[in-house]
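A.B. asks: Numbering (the working numbering), first residue to last: 8 to 75.
It cannot be assumed that every hint is accurate.
[Claimed, not checked] Using C-beta positions, here's what the derived DEER-type ranges look like:
1. His34 to Leu62: 17 to 27 Å
2. Asn10 to Ala56: 16 to 26 Å
3. His64 to Asp9: 12 to 22 Å
Hints in this document: simulated from the structure, not taken from any laboratory.
Beta carbons: idealized from backbone N, C-alpha and C, even for Gly.
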Amino acid sequence: MDNWRKSSHSGEGDGNECVEIATSPTHTAVRDSKAPAEATLTFPTGAFAAFLQSLAHSTVTDFARFRG
Numbered sequence: 008m009d010n011w012r013k014s015s016h017s018g019e020g021d022g023n024e025c026v027e028i029a030t031s032p033t034h035t036a037v038r039d040s041k042a043p044a045e046a047t048l049t050f051p052t053g054a055f056a057a058f059l060q061s062l063a064h065s066t067v068t069d070f071a072r073f074r075g
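Work the whole structure out from these sequences, hints included.
C.D. replies: Dropping the structure here:
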């Protein structure tokens, strides 16, 4: 995927605290803008909406628990 764009919720200034997404007709990919060469999360298009919905109901503490 080549059409990466930063989140509209990026941090101030140069947007150091953001994610980037890229879409295709069948997938949506997400990556850390600070480390674009590292791993990405790739979802089938329908699953990405469910992922975003689950994040809307989580907290930073919840997310930190998943990171281990």
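A.B. asks: Starting from the range 16 to 26 Å, see whether the pair Asn10 and Ala56 falls in it by beta-carbon distance.
C.D. replies: 19 Å, holds
A.B. asks: Quick check on a hinted range of 17 to 27 Å for His34 and Leu62, using CB atoms only.
C.D. replies: 18 Å, holds
A.B. asks: Do His64 and Asp9 keep their Cβ atoms within the hinted range of 12 to 22 Å?
C.D. replies: 32 Å, violated
Violated hint: 3 only; the structure is consistent with all others.
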